[in-house]
Every structure is written in structure tokens, then in C-alpha cells.
Amino acid sequence: MVKKIREIARKLLEEGKVDVVLGYEKGTEPLSERPFVARTVEEVERLTYSPFAIQNLATYLPRFNNNKVAILARGCTTRAINVLISEGQIERDKIYVIGIPCNGVIKTRELRESIGEEIEDVSIQNGEIVIKTTTEEKKVKFEDWLNISCKYCEYPNPLFYDVLVGEEVKPRGGGYPDVEDYEKLDEDKRWEIFEAEMSKCVRCYACRQSCPMCYCEHCFVDSTEPRWVEPGFDKTDLESWHLIRVLHMAGRCVDCGTCELVCPEGVKLLFLTRKVARDLKRDFDYVSGLNPEKPPFFGEFRYDDKGDFIL
Amino acid sequence: MNPYAPELYRIKKTVFESDDFTLKSFLLEPIDGNMMDFIPGQFCEISVFGKGEAPFGIASAPHEKEGLLFTVNRVGLVTGALHEMEEGHIVGIRGPLGNGYPVDEFKGKNVVIIGGGFAFTTLRSLTLYLLENRKDYGKITVIYGARRPGLLLYKEDLANWEKRGDIELHLTVDTEFPEWDKHVGFVPQVLEKVAPSPENAYAVVCGPPVMIKFTLPVLAKLGFEKDKVYTSLERRMKCGIGKCGRCNIGPYYVCKDGPVFSLAQLEKLPKEY
Amino acid sequence: MKRVPLSELERIYEALKSYGSVWVRKKNAYETAETPEELLSTVSKVKKPAKFIFLPEEEPLLAFVQDGKNVTFQEVIREAKGVIFGIPPCEAKAISLLDLNFLQGEGEDIYYKKRRENVLLFGLACLAPDSRCFCTTFGYGPFTESFTDIFGVVVDDVLLFEGITEKGKDLVKNLDVEDAKGEELKKLEAMKKEITERVKKLDIQGIQEKLARMMDSEIWDKISSSCLGCGACTYYCPTCYCFDIQDVERPNWGYRLRTWDSCMFTLYTLEGSGHNPRPELKYRWRNRLMHKFNYYPVLYQEFGCVGCGRCIEVCPVNIDIREILMEVKNEPIRA
Chain A
315 MVKKIREIAR KLLEEGKVDV VLGYEKGTEP LSERPFVART VEEVERLTYS
365 PFAIQNLATY LPRFNNNKVA ILARGCTTRA INVLISEGQI ERDKIYVIGI
415 PCNGVIKTRE LRESIGEEIE DVSIQNGEIV IKTTTEEKKV KFEDWLNISC
465 KYCEYPNPLF YDVLVGEEVK PRGGGYPDVE DYEKLDEDKR WEIFEAEMSK
515 CVRCYACRQS CPMCYCEHCF VDSTEPRWVE PGFDKTDLES WHLIRVLHMA
565 GRCVDCGTCE LVCPEGVKLL FLTRKVARDL KRDFDYVSGL NPEKPPFFGE
615 FRYDDKGDFI L
Chain B
19 MNPYAPELYR IKKTVFESDD FTLKSFLLEP IDGNMMDFIP GQFCEISVFG
69 KGEAPFGIAS APHEKEGLLF TVNRVGLVTG ALHEMEEGHI VGIRGPLGNG
119 YPVDEFKGKN VVIIGGGFAF TTLRSLTLYL LENRKDYGKI TVIYGARRPG
169 LLLYKEDLAN WEKRGDIELH LTVDTEFPEW DKHVGFVPQV LEKVAPSPEN
219 AYAVVCGPPV MIKFTLPVLA KLGFEKDKVY TSLERRMKCG IGKCGRCNIG
269 PYYVCKDGPV FSLAQLEKLP KEY
Chain C
2 MKRVPLSELE RIYEALKSYG SVWVRKKNAY ETAETPEELL STVSKVKKPA
52 KFIFLPEEEP LLAFVQDGKN VTFQEVIREA KGVIFGIPPC EAKAISLLDL
102 NFLQGEGEDI YYKKRRENVL LFGLACLAPD SRCFCTTFGY GPFTESFTDI
152 FGVVVDDVLL FEGITEKGKD LVKNLDVEDA KGEELKKLEA MKKEITERVK
202 KLDIQGIQEK LARMMDSEIW DKISSSCLGC GACTYYCPTC YCFDIQDVER
252 PNWGYRLRTW DSCMFTLYTL EGSGHNPRPE LKYRWRNRLM HKFNYYPVLY
302 QEFGCVGCGR CIEVCPVNID IREILMEVKN EPIRA
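Protein chains in written order, with the numbering used here: chain A, 315 to 625; chain B, 19 to 291; chain C, 2 to 336.
Just chain A, same shape as in the assembly (with noise of 0.2 Å):
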């Protein structure tokens, strides 16, 4: 996989069909696989791929919009790539898409903190992740330290591309039982959970930044006038900070699980996110990223809207 992406690139970089690769290369800490730009056919041998590569890579397109890239796509990356087309941020005509099947990412940080020794090498085998450590082998299941967007996920299969890599992938699929097992708790519990788990962000904004869809150039959180959200770490302004991203990506996420998967203090977003997914897919029938021509979900007004609730 990673010799036929390298041909790719290198193909592409040559004939001049492109300026710049965007991929993964291993990264220097363990179970890192990295953003890579690849500008040169010298830098093509640095890409890899592998289940580590957590980074949507469609946060990088806005920024390169002056020129002929290449990206490596996997289904939730082209996914990204049709919202950032509908509202206008990236043309298609100039994206050239290696699609990758994909099978899921690992959630990295987690699983090495949760290592806690020196991790000295790291591969997979039979669906399992062996981990070498100063001091022993250890073995994990892939499936247990899968991102929770990866594990029930439907598109994990490039929806466009012009080259495929591998063979395609049969989709995961399974909905949203994760959301549906925090619905079930009562409400005092679900509260507490969320206190928890934002009383936990120390306002680096890494979820923001990685989010292919956060490219807003003044974000809301930054605003002083009005003031959406104070300075500080009361409580208050952490959650409304979370609550109020996770609206605005409401019809607009794709479920990639970057923002969780990035997050140096491990605060967990998906659940947030993946509720709204789950509520616009069950209420108006509405999946995120599958049609490029279609209006964002906020851009569109319907007289068979079931929102009785703006009435």
C-alpha cells in the first residue's frame, strides 16, 4: 500500500500534475503517523500510511488553495472534502484524490499514555497491536482501541477518487449505540459526565484547529464583542466553548473523531457530536459530506421541515 502510494505521488510530482502531496509519515514518537507535505519526488519516500494516521487531512486543503494538490483520502476525509466544496472553501478541479479504504484509526495518545513505558517498537498483527516496551511485549486488540467513529463507521470507503488505493472496505456500519448508551443514563449522570470531561480542556483549541471543518478565520470563542465566551476556566465558559462548537457542526461534522483523537488532555467530544449526527440522521434523515451539490444542512429551508419547534 504505502509502495503504490509512493508511485502515486511520485507521478504526480514529476508530471507536474500537482505541487504537493499531502499524506502521513511516521512520525517520531510511538504510534505516531504524522501529516506529511511532500513537495519534492526526494520527499515522496518519507509517506507511509498505516492506522495511526488519526489527522484528517482536509483540514490542510483551505490553506493550499492557490495550489494543484494531492491528498490521501480515506471515506470520512472525502467526506470533509464535499462539505469544504459546498460552502464554498475548496474547488474540486484542483484536488487530486488517492483514495484509501479504510479500516479504522487507533486512538494514539490514549493508547500510549495508557502504556506508560517507553515504548521501543510498535506493529500490527492479526488484528492485534503489539507493543514492545523497555521491558516487555505487549498485546492489544485493534478493535478495542479503535476511534469510536471508526468502529460503527458507514463510509469508510473513499466516495470519489481519482486513483484508488487497495481494495475497497466493507462499511462497519452499526449506528450510534455509543450515543444511545449515554442517552440511557439519567440526567444527573449524563451532567456529570459532561462536567467531567470539559472541566478537563485547558483551551489549547488543538480539537478546533485539527477540525477540517473549523476554518472559520474569527471563531466565536474569540470574539469580543459580542462576547459568546469569557476568558478563563469557569466552568461555564468551558462548556458553553464545547456545547456551542459541537452546534455549529451540526450537518457539518463527519464523524472523523480528529478532535477527540488530538486532544492532548484526552477530553471526549465524539460523544457531543456524534449525538447531533445521530439526531439529524434519525430526525431529518441527513448525513453530513455526501453530496457536494447539496446546501449545508443550515443553508436549506424545507416546508416538510419536521422543526415544529421554530414555529
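Incorrect hints may have been included.
As the list claims (entries may be wrong) - What follows is a list of derived Cβ distance ranges for each label pair:
no., chain 1, residue 1, chain 2, residue 2, range
1, A, S513, C, L176, 37 to 43 Å
2, C, S274, A, D407, 31 to 37 Å
3, A, A510, C, G183, 47 to 53 Å
4, C, S19, A, S513, 31 to 37 Å
5, C, S8, A, S513, 49 to 55 Å
6, C, S274, A, K453, 57 to 63 Å
7, B, D55, C, M327, 47 to 53 Å
8, C, S8, A, G480, 55 to 61 Å
9, C, R214, A, N605, 50 to 56 Å
10, C, N253, B, A282, 48 to 54 Å
Stated by the list, open to error - Computed footprint of chain B on chain C; a stretch qualifies when at least three of its residues, placed anywhere within it, have a C-beta under 8 Å from a C-beta of chain B:
no., stretch
11, 62-68
12, 98-106
13, 176-190
14, 276-290
Read the hints as simulated data drawn from the structure, not as lab findings.
From the three backbone atoms N, C-alpha and C, an ideal C-beta is built for every residue, glycine too.
Model the placement of chains B and C on the given structure of chain A, informed by the hints.
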């Protein structure tokens, strides 16, 4: 001493400077009666409690003891709140901050003061200071322009200076206006026409970036050396004492080591202003 | 050097408590200990550095009351008093670097100072430098005592320690502990050598001068190309101190709040006019790297980095400052 604790000042007088009501001047008096001492070109952080602080150049001269004068352009949270304030309101003042113009270095020299738009604030302070200490300085030339007559600040002072024989004042507006009988054209063009001599002279330039951009080559053409041209920089600031980090240009902090720099100094620094 | 068996740490715990809080290393942050056993933390690198104690992520500076046109305000100073037990040399050095910004120059930062003056640093040698550590690059190492008030090393099941500063010596003087044994000191020396050598030292000789000539280099594009522009690297960095000051307004009262800020944020330098002197990530990256490896040395003759590796670990996209330093070093300079 707590460098973050402001002194309380009371607004003594306010006046709209421009006919579009975006520029408002505030004369402030200390409620404890202790007027601060300062050098023209220094600035203060003004607090509107509940809204925050913002930096403003001091527009009054040190000898004007009736109060500190600031002219505020309405752009954001703090300036918007300030514009809503009237006589009697209390604000906080931290300062004087920054280095100010090198008025001692100017002694015995001719000084050419070039200003544009509402950046004339600290230039008012400087001009009045030079006039107050008139015998210490050579020829004083002021070139000041705005888009239209209604946007020129400090009209009373300008009228006074026009009457005096010991200062050469050139006012200009961008295009012709009825009853305007002074220069017409941009500041750099007027500077070229006036062509002050670089001999034994310093130039001080303050204005919008585009004016500065076109003024500097004219000064160079006239023969002003880079270490004889000073300008005052603006940057986003918070602490005002070189601690919070954001206003650095290279290893220097605009709030502490500036805001006044010579072109010779700036040339050695990254173009982050 | 003095000694106390780890099983008898309560003998020093009470003395430490008499200074105030006793902070110990927990996985996520330094926390106050409730029992002497907590001194035995095995956490080698606390995620949130001890900077959080001296420069908390938020702190009120003033509180004010409004009454019509009138305003009165009061200073609010959040103090801290006690001992940080087990702070490693890298974090202690980082605090000495923060001191340069907050305690030197015209305006001493009294908020920082009040806490700094009243908190003793009981350092412990770092026995488990990890793969991200490169402290020895900066002329000190896992056994460097000089940035602490008291410095100790755990040798087997004994804590060896000594006072470094006057304050530290005072504390040690009043303890009922015996002198370290000869064989323990010998073992300490061996450990020091072995562990210090384990740290991977980078060769960054000449980096300050090199950077001075790289203002217009294309390297900044390359370095910043995968950066997301979040503030994680700066927030967890033990030497980053940039802050913001904003007011929080309530009906008729409010407070002035200092919070952390990050040079990686767009808003950090955005001016009211809309002009931004560092409009793109590459300029922010240039400033961050320059600040640590050129401006800090210019101002204080010290690098603004201690090589703890936290930024490498918390970065969402694993941008590695070590690689960047090497890239800078190897970048040819255009004439």
C-alpha cells in the same frame, strides 16, 4: 509596586475631533491630584473597567498640567466603551510607558515632523514640547495631512501654530475641498514639495502604514540618514511592560524598548510591524 | 549530603509541611500531597509542568466595583506557599528562565514574585529520562542541582539530599536525619554518569547565530506546513510564559483576568485595525523558534528551551523541535 495596577483618572472633558465622530479626545485628571511626568511619544494603557485595557499615545505635552489628553479612534471593545463615556467617568491609567521621542538628542537641531491621519496624537505632544522649549531647538517644520479637512485633529492648536512665526506648518488634504486654501495632495508629495533640508536635522514620521511607506523614500531622497529618521510603531499590546510577549520585534518589545525607533534600528529587525 | 530511608519519609514530610503546601508529581499535574507516601511518586515527567504553580493558566489581577460613573478596585494576589517536592532539573531550570522575564527589568511582576518567593524547589534527580529528553543539549543534565533550593537523589531505597540555596540549607539544618554513607555517594556518582549519558544530546552549536541569518529563509514554510496552529506546544512548555489580560464583566463589578496566551494563535498579534504583523503560521513559527533560540540568548545569554520534550509529546501532529533544530542547522544559507 504593582505594575498592573492602574491609577484612577477622571474624565474632565471630551471633544469629538473629527466630523465623522470616530475620533474623540479625552482630557483626564488624576483623582489623587498627582499628574504624571512623561516624555512626548510615551503612551499609557487606559482601562475601561469591565472591558479591558488598550494602549494610547499621550497627545498632551508634559507642561500642559490641566490633564492628560488622549485621542481615541473607535475600533473595538475598549475604544467603543470609551466613546460612550462622558465627563465625570472614571478610567484607569497605567503609564507613562515606552521610551518616547529622543527630545534630548534633537536639541540644537532642526526637526521635521510629518504626520498623517489620526496618528498625529504624540506628534502634537512633541510639537508643543519643542515650542515650549523653543530656544533649545532649531527650525521646526510640521507637515500634517488627512483625507479631508474634517479629519484633521487639534484644529485650535493648528490655528495657533499658523499664527506663530517660529514654526513652519504645512497642512494638506487628499483632494480639493471648498474653502480649503492649503496644500492638496498626499503627505509624501507635500514633503517633496516643501523639501526640508536634512542639514543638522531630524525627521519624525507617524501615520498609516501606506503613508509611511511612501514617505520614507522621499526622506531618503532629500538626504535624511536612517539614524536621523524616527517613527513610532503600533502593535497589539497587553502588559505594556515587556512581559506578556506579544509586541516583540526581534528581541525588542515595542511597549518597553519602543514605541519610538529610528529607521536604522528597524532595518536590523524582522519586518513584523 | 544527608540521607533518609524512603520508608521513613514522614520524617521530612512534616518539616516540608511546615512551609505550606507540599506539591508532588502526579501523572497529569503537580498536586498537593495528603500523606508522606505520596512523596514516593514514580512519575518521571508530569504532563503539566510546575510552571502551573507560578504562572497558573488563569489568575485574577484586580477586582473592581462600579457605581455610576465611579469605579474602585482592589488588587487580588493569589499566593502560593510551600515546597514542590520532586521537581526535576529541567523544570527547575525552566523556572529560572521564567524568572528572567518576570523578576528582571523595570517592572517586577509581583503576582509571580509572591509565589516564587514562597515556594521552595525540592529537586530530585531524574532517573528515567525518556526518549524525548534532550536536556544535556543545554549544558545541564538530569542530576544538575543548581536551579533548586534542595536537591536529592533516590539511591535504591534511600533519599540522599542536600541544601543548595540558603533557604534550602535552612530547611535541611532543622531535620533529624543522618549523613549519607560513603557507598551511597559512590553509587550516586555512578548513576549520575550512566543516566546523564543516556540522554540524547543534540549538537546545536552556533544555532543562535545561524538563526539570525535565517529571517527570510524558506525553511519557515516547510517547518510550519503541517502545524495546525493550536497552542498545545506553548501551553505545556515549561518555559513559555506569554499571557493575555482581559476583563470579565458582571453587573456593577468585575475582575481583570490574566490567562495564558500563545504566540501560535492568529489573535495573539492581530490589531484593532485588522492588520496582523504575523499573518501566517510561518511567521508565528519563526517567532516561536527565534524567541527560544535567538531572542532569549540575545537578551539573557540563555536558550529559552530546556529540552524536556513536552512539546513533542503533546503536539497533535507530532512536530518535533529536535528535528527542526537539526533542519535549521543543516539549512544552507543563501548569499
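Cross-check of the supplied hints:
Checked against the given bound of 37 to 43 Å, the beta carbons of S513 of chain A and L176 of chain C, roughly 38 Å apart, stay inside it. Checking the proposed 31 to 37 Å range against S274 of chain C and D407 of chain A shows it holds: the Cβ atoms sit about 36 Å from each other. At roughly 51 Å, the beta carbons of A510 of chain A and G183 of chain C sit within the given window of 47 to 53 Å. For S19 of chain C and S513 of chain A, the hinted distance range of 31 to 37 Å is satisfied, since their beta carbons lie about 32 Å from each other.
Look at S8 of chain C against S513 of chain A: about 36 Å separates their beta carbons, and that is not inside 49 to 55 Å. A C-beta distance of roughly 58 Å is found between S274 of chain C and K453 of chain A, which places it inside the suggested range of 57 to 63 Å. For D55 of chain B and M327 of chain C, the hinted distance range of 47 to 53 Å is satisfied, since their beta carbons lie about 52 Å from each other. Remark: the range hint 55 to 61 Å for S8 of chain C to G480 of chain A is upheld by a beta-carbon distance near 58 Å.
A hinted range of 50 to 56 Å for the beta carbons of R214 of chain C and N605 of chain A is consistent with their spacing of about 52 Å. Between N253 of chain C and A282 of chain B, the C-beta spacing of about 51 Å keeps the proposed range 48 to 54 Å intact. Coverage of the stretch 62-68 of chain C by chain B holds. Counting CB-CB distances below 8 Å, 4 residues qualify, and the rule asks for three or more. Restraint check on the stretch 98-106 of chain C versus chain B: 3 residues with Cβ-Cβ distances below 8 Å, three needed, restraint holds.
Counting residues of the stretch 176-190 of chain C whose C-beta lies closer than 8 Å to any C-beta of chain B gives 0; at least three are required, and the coverage claim is violated. With 6 residues having a Cβ less than 8 Å from any Cβ of chain B, the stretch 276-290 of chain C passes the three-residue criterion, so the hint holds.
In summary, the structure is inconsistent with hints 5 and 13 from the numbered list given earlier, while agreeing with the others.
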